[in-house]
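Protein chains in written order, with numbering that gives the first Met the number 0: chain G, 0 to 252; chain Y, 0 to 252; chain A, 0 to 252; chain V, 0 to 252.
Worth double-checking, as some hints may not be accurate.
Selected chain Y positions facing chain A (Cβ under 10 Å, derived; list incomplete) [stated by the list, open to error]: (1) Gly188; (2) Gly189; (3) Ile191.
So, partial list: chain A residues that the calculated Cβ filter (under 7 Å) puts toward chain G [stated by the list, open to error]: (4) Glu81; (5) Pro147; (6) Glu152; (7) Ala187; (8) Ile190; (9) Ile191; (10) Arg193; (11) Gly199.
Hints listed in this document are in silico derivations from the structure and should not be mistaken for laboratory results.
The structure presented is a predicted model; accordingly, all values stated were derived computationally and were not measured.
Backbone N, C-alpha and C fix where the C-beta goes; we use that ideal spot for every residue, glycine too.
There are 4 protein chains.
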Amino acid sequence: MKAGLIGFGKTGKAVASTLLRSKDIVLEWVVRKTDKLEFRSVPEFLGEESDEPGLIYSGAHISIGELVDLHPVDVIIDFSSESGVSYYGEEAAIRNITIISAVSHYSEETILTLKKLAERTTVFWSPNITLGINYLMIAAKTLKKIVPSIDFEIVEEHFRDKPGVSGTAKVIARNLDLDPGSIKSVRAGGIIGRHELICGFPFQTVRLVHESITREAFGNGAIFAARNLFGKKAGFYTFEELLMPYFNEVQSA
Amino acid sequence: MKAGLIGFGKTGKAVASTLLRSKDIVLEWVVRKTDKLEFRSVPEFLGEESDEPGLIYSGAHISIGELVDLHPVDVIIDFSSESGVSYYGEEAAIRNITIISAVSHYSEETILTLKKLAERTTVFWSPNITLGINYLMIAAKTLKKIVPSIDFEIVEEHFRDKPGVSGTAKVIARNLDLDPGSIKSVRAGGIIGRHELICGFPFQTVRLVHESITREAFGNGAIFAARNLFGKKAGFYTFEELLMPYFNEVQSA
Amino acid sequence: MKAGLIGFGKTGKAVASTLLRSKDIVLEWVVRKTDKLEFRSVPEFLGEESDEPGLIYSGAHISIGELVDLHPVDVIIDFSSESGVSYYGEEAAIRNITIISAVSHYSEETILTLKKLAERTTVFWSPNITLGINYLMIAAKTLKKIVPSIDFEIVEEHFRDKPGVSGTAKVIARNLDLDPGSIKSVRAGGIIGRHELICGFPFQTVRLVHESITREAFGNGAIFAARNLFGKKAGFYTFEELLMPYFNEVQSA
Amino acid sequence: MKAGLIGFGKTGKAVASTLLRSKDIVLEWVVRKTDKLEFRSVPEFLGEESDEPGLIYSGAHISIGELVDLHPVDVIIDFSSESGVSYYGEEAAIRNITIISAVSHYSEETILTLKKLAERTTVFWSPNITLGINYLMIAAKTLKKIVPSIDFEIVEEHFRDKPGVSGTAKVIARNLDLDPGSIKSVRAGGIIGRHELICGFPFQTVRLVHESITREAFGNGAIFAARNLFGKKAGFYTFEELLMPYFNEVQSA
Chain G
0 MKAGLIGFGK
10 TGKAVASTLL
20 RSKDIVLEWV
30 VRKTDKLEFR
40 SVPEFLGEES
50 DEPGLIYSGA
60 HISIGELVDL
70 HPVDVIIDFS
80 SESGVSYYGE
90 EAAIRNITII
100 SAVSHYSEET
110 ILTLKKLAER
120 TTVFWSPNIT
130 LGINYLMIAA
140 KTLKKIVPSI
150 DFEIVEEHFR
160 DKPGVSGTAK
170 VIARNLDLDP
180 GSIKSVRAGG
190 IIGRHELICG
200 FPFQTVRLVH
210 ESITREAFGN
220 GAIFAARNLF
230 GKKAGFYTFE
240 ELLMPYFNEV
250 QSA
Chain Y
0 MKAGLIGFGK
10 TGKAVASTLL
20 RSKDIVLEWV
30 VRKTDKLEFR
40 SVPEFLGEES
50 DEPGLIYSGA
60 HISIGELVDL
70 HPVDVIIDFS
80 SESGVSYYGE
90 EAAIRNITII
100 SAVSHYSEET
110 ILTLKKLAER
120 TTVFWSPNIT
130 LGINYLMIAA
140 KTLKKIVPSI
150 DFEIVEEHFR
160 DKPGVSGTAK
170 VIARNLDLDP
180 GSIKSVRAGG
190 IIGRHELICG
200 FPFQTVRLVH
210 ESITREAFGN
220 GAIFAARNLF
230 GKKAGFYTFE
240 ELLMPYFNEV
250 QSA
Chain A
0 MKAGLIGFGK
10 TGKAVASTLL
20 RSKDIVLEWV
30 VRKTDKLEFR
40 SVPEFLGEES
50 DEPGLIYSGA
60 HISIGELVDL
70 HPVDVIIDFS
80 SESGVSYYGE
90 EAAIRNITII
100 SAVSHYSEET
110 ILTLKKLAER
120 TTVFWSPNIT
130 LGINYLMIAA
140 KTLKKIVPSI
150 DFEIVEEHFR
160 DKPGVSGTAK
170 VIARNLDLDP
180 GSIKSVRAGG
190 IIGRHELICG
200 FPFQTVRLVH
210 ESITREAFGN
220 GAIFAARNLF
230 GKKAGFYTFE
240 ELLMPYFNEV
250 QSA
Chain V
0 MKAGLIGFGK
10 TGKAVASTLL
20 RSKDIVLEWV
30 VRKTDKLEFR
40 SVPEFLGEES
50 DEPGLIYSGA
60 HISIGELVDL
70 HPVDVIIDFS
80 SESGVSYYGE
90 EAAIRNITII
100 SAVSHYSEET
110 ILTLKKLAER
120 TTVFWSPNIT
130 LGINYLMIAA
140 KTLKKIVPSI
150 DFEIVEEHFR
160 DKPGVSGTAK
170 VIARNLDLDP
180 GSIKSVRAGG
190 IIGRHELICG
200 FPFQTVRLVH
210 ESITREAFGN
220 GAIFAARNLF
230 GKKAGFYTFE
240 ELLMPYFNEV
250 QSA
C-alpha cells in the first residue's frame with residue numbers, strides 16, 4: 000500500500016517513523032503547510048534506515064493533483080489540522096484514494112464535508128486514533144450493556160500544563176452517556192497521558208486503563224486503520240466500526 | 000424464581016444474603032452437610048430483613064427429592080464442593096431444575112457427570128462466578144484477536160496466606176494461551192483479591208483490572224446466571240456463553 | 000495494658016474485635032449511649048474466642064467514675080462522636096488515664112477541651128487513625144520538602160453513596176498546602192476507600208496509594224497509638240508525632 | 000557550577016539536555032570513547048538553545064588532565080560504563096573535582112577504587128540516580144521500621160525485551176532484606192519502567208509506585224546530587240545520604 004502523509008508536526012513525525020518501519024505501507028511523500036524542510040527526505044531527516052521515498056513537499060508550492068500524478072498513493076493519512084481536508088479532499092474523492100483523518104477537532108461543517116466525500120471514496124475519521132483507547136471505549140460500552148446499573152467514573156491524567164479536559168476523556172464520556180463535567184482531570188509533572196475508567200459494582204471493581212507511552216501509538220493506529228479499510232467500499236467509517244467485527248466474532252471456547 | 004442453595008460456608012452465607020436481597024429470586028432453602036444450624040431460618044441467622052422462607056436443612060437427614068417435593072425450586076445454586084452434585088444432580092435432571100454450580104475445582108469425571116446431566120436439564124458451571132472476572136476474560140480474548148502480537152502478563156494479588164497460584168488467574172492464562180507458569184503471584188497482608196492483566200503494545204499499555212471487595216460478588220454472579228439462563232433449553236453453559244450476546248450486539252453509534 | 004472503649008457502632012465493633020485479638024491489650028469494657036446490648040459480653044456477641052471481660056455498659060446508667068472504680072483501665076479509646084469526651088474527659092484527666100480519640104470531626108471548642116485535658120493526662124487525637132494514611136501523609140510532606148516544585152494531586156475513591164469529599168483527603172490536602180477544592184472524588188459501586196497521591200516530576204511520577212480493606216485497620220491504628228503513647232508524659236499528641244521518630248532515625252546503610 | 004559529562008549514549012544525551020536547560024550548571028564538555036561526533040557542539044547537536052560550550056571530545060585523543068587544564072570543571076558526571084573511572088578518577092582526586100557516577104554496575108574492585116578516591120575528593124555513586132526511586136527506597140525502609148511485620152512485594156514492569164530482573168528492583172529488595180528471587184518481573188510491549196512496592200497490612204494496603212517517563216529523570220537526579228554535594232567534604236556518598244536530612248527534619252505541624 001502506498002501512503003501520503005499530511006502534517007509533519009510532533010505527531011506527524013512520529014507517524015512518519017512508524018510508517019517507514021511498517022513493511023506493508025510505503026511512505027511516498029509528506030505534505031506540510033510551510034516550506035521548511037521542503038524536498039528533504041523523511042528517512043534521512045528522522046534517521047530511519049529505509050529506502051522508501053518519503054520526500055517532503057510544501058502544500059503552498061504543489062497541488063495534491065500534481066503530487067499524486069507524480070507519486071500515486073492508495074491512502075492519504077491526515078495528521079494536520081481542520082483545514083487539511085480542503086487541500087486534498089476533492090482530489091482524493093475523484094481518484095478514489097482512501098482518506099484516514101486523525102485530526103482531533105472538526106467543526107460540524109467539516110464533518111459534513113467529510114461525509115460528502117464519503118459518498119465517493121472510503122473516509123475514516125478518528126479523533127483519537129489509538130487502538131487502545133478505541134478498544135477500551137467499546138469494551139466499556141459492552142460492560143454497560145451487561146450491567147446497566149454499573150457506576151462509571153473517568154480519571155484522566157496529563158502533564159502539568161495541558162489546558163482543559165482531555166478530548167479523549169470527553170469522547171469516552173459521550174459514549175457512555177456520562178456527564179462530561181464529571182471527568183476528573185489530574186495535571187502533574189510530565190505524565191504523557193493516562194485514562195482510567197473505574198467501573199463500580201456493589202462488591203467488585205473493574206478498572207480499564209490506557210497509558211500512552213509515545214506518539215508512535217497514533218502511527219500504529221493509522222496503520223491498523225489502513226489495513227482494515229483495505230478493500231472497503233466508499234463510506235464514512237469510525238474506529239468503532241473497524242473493531243466491531245472482532246467483538247462480534249467472540250466465540251465460546 | 001425459586002432457588003435452593005447448596006453450601007453454607009463463608010461464601011455460601013454471602014450468597015444467601017444477596018439472594019435474600021434480590022427481588023426476583025426467592026431463597027426457598029439451604030442444604031448443608033452437617034446438622035449445625037439445622038432448621039434455623041437464614042434471614043434470622045444473617046440478620047436480613049426478609050420474609051423469604053430460607054430454612055436450613057442437613058443433607059444427612061433429608062434427600063433432595065423429599066426437599067423439592069415439600070419446597071419446589073426452579074434453580075439449585077451450588078457453592079459447596081465437588082461432592083455436592085452427587086446429592087442433587089440426578090433429581091435436578093429428572094425434574095428439569097436448572098443447576099448453577101460455582102464450585103472452583105471439579106475432576107474430569109465430575110465435569111463429565113455435569114455434561115451428562117446437561118442432556119436433560121440446564122447446567123451452568125463457572126469456577127469463578129463473578130461478572131467482573133468473566134467480563135475481563137472475554138474482553139482480553141477480544142483484544143488478543145484484534146492484536147495477536149500483543150504481550151499479556153498476569154499479576155494476581157491475594158492475602159499473605161493464600162496457598163498456590165490463584166485458580167482464577169490460571170483460567171485467565173488458559174483462555175489467552177499463556178503459560179500458567181508466567182503468572183505473578185503477590186501475597187501481602189489482607190488483600191482480598193486483585194487480578195491485573197497488563198496488555199503491552201509497543202507505544203501504549205492497556206490494563207484490565209479486577210478487584211474483589213466482598214464475597215457477595217459471587218452471589219450477584221449467581222443471580223446474573225439465574226436470570227440469563229431463564230428459559231434456556233437443556234445444555235451445558237459457561238459464563239462466557241451468557242456474556243457473548245452482549246459482545247456480539249455491539250453496534251456503531 | 001487495660002483499655003475501655005467508648006462507642007460500639009460499626010467501627011467500634013471492628014475495633015473491639017482487634018482489641019480482643021491483641022495480646023498486650025485487655026478490653027475491660029465498652030460504653031455506648033443506648034442501653035441496647037447492655038451487660039452483653041463483647042467476645043460472645045462478636046463470636047471472638049477470648050477470655051477478656053469486655054462487658055457492654057450504657058453511659059445512661061453508669062458514670063465513668065463508677066465504671067473505672069469497678070474496672071480500672073490505663074487507656075480510654077473513643078470511637079463515638081463529638082459528645083463522647085464530655086462523658087469521660089474530666090475523670091480520665093483526674094485519674095491520669097490516657098485518652099485516644101479517633102473521632103473524625105471536632106468543633107474548635109472540643110479541641111480546646113482536649114488540649115486542656117492534655118495539661119493533666121496524655122491525650123491523643125487522630126481523625127483518621129490508620130497507620131497507612133498517617134504514614135503516607137508524612138512521606139508526602141517529606142517529598143515536598145525534597146522537591147518543593149513537585150505537583151501533587153489527590154484522587155480519593157469511595158462507595159457510590161458517600162456524601163461530600165473524604166475528610167481524610169481534606170486532611171492530606173491541608174498537610175500539603177493544597178486547595179481542598181482540587182481533590183478528585185470518585186464515587187463508584189462499593190469501593191471501601193482508596194486514597195492516591197500523584198506526585199508529578201517532569202520526567203517521572205511517584206504514586207502513594209492507600210487502600211482500606213476493612214474497619215479493623217482503625218483498631219490496629221488505635222493499638223499502635225496505645226503502645227507508642229505508653230509512658231509518655233501528659234500532653235496533646237497526634238499520629239504524626241508518634242511516627243516522627245521513625246522518620247528521624249533513618250540512617251544510611 | 001561547571002560540569003563535564005562522561006558518556007554520550009542514549010542516557011548521556013538525555014542527561015546533557017537537562018544540564019543545558021539547568022540554570023546553575025554549565026556543561027563545559029562531554030567525553031566519549033569513540034571519535035564519532037568529535038568536536039561537535041552538544042547544544043547544536045541536540046537542538047537545544049543554549050550558549051554553554053558543551054564540546055564533544057574523544058577520550059582516545061585527549062587526556063582528562065589536558066581537558067580540565069583547558070576547560071576546568073567542578074564536577075564530573077559519569078554516565079558511561081565501569082571503565083570510565085579509570086579515565087578520570089585519579090586526576091579528579093588530585094584536583095578535588097567532585098565525582099558523580101551513575102554507572103549501574105561496578106565490580107567490587109571498582110567500588111574499592113571509588114572509595115579510595117573518596118579519601119581525597121567528594122565521590123557520589125548511585126546505580127539508579129533518580130530522585131523518585133531513591134525517595135521510595137527510604138520511605139519503604141521507614142515503613143518497615145514502623146511496622147516490622149509488614150509484607151513487602153516488588154513488581155517491576157519493563158519493555159518486552161529487557162533481559163533479566165531490573166537492577167533497581169534488586170537494590171530495593173536488598174534494602175528491605177527481601178529475597179531478590181521474590182521480585183516479580185513483568186515484560187510487556189514498550190513499558191519504559193515501573194516499580195511498585197506493595198506493602199500489605201492485615202486490613203489495609205499501601206502502594207509505593209515509581210513510573211519513569213523519559214531518561215531525562217537521570218539528568219535531574221544528577222543535578223540534584225550536584226547541588227546537594229556542593230560544599231561537602233571529601234568522602235563517599237550515596238543518594239540515601241543526600242535524602243536523609245529531609246527525612247530527619249520532619250516536624251509536627
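Verification of the hints:
At its closest, the beta carbon of glycine 188 of chain Y sits 8 Å from a beta carbon of chain A; the interface hint therefore holds under the 10 Å criterion. Checking glycine 189 of chain Y against chain A by beta carbon gives a least distance of about 5 Å; that is within 10 Å, so the hint holds. This hint holds: isoleucine 191 of chain Y has a C-beta 6 Å from the nearest C-beta of chain A, less than the 10 Å allowed. Contact between glutamate 81 of chain A and chain G, as hinted, is not supported at the beta carbon level, the nearest pair being about 31 Å apart and thus beyond 7 Å.
For the restraint placing proline 147 of chain A at the interface with chain G, the shortest Cβ-Cβ distance is roughly 14 Å, beyond the 7 Å limit, so the hint is violated. The restraint placing glutamate 152 of chain A at the interface with chain G holds, with a minimum CB-CB distance near 4 Å, inside the 7 Å limit. For alanine 187 of chain A, the interface hint holds, since its Cβ comes within 7 Å of a Cβ in chain G; the closest pair sits about 3 Å apart. Nearest Cβ of chain G to the Cβ of isoleucine 190 of chain A: about 6 Å, under the 7 Å cut. The hint holds.
Here the hint on isoleucine 191 of chain A is broken, as its CB sits about 10 Å from the closest CB of chain G, past 7 Å. Annotation: arginine 193 of chain A was flagged as interfacial toward chain G, and the flag is violated, the nearest CB pair being 9 Å apart, outside 7 Å. The criterion of a C-beta within 7 Å of any C-beta in chain G is met by glycine 199 of chain A, whose closest approach is roughly 2 Å, and the hint holds.
Of the numbered hints listed earlier, those contradicted by the structure are 4, 5, 9 and 10.
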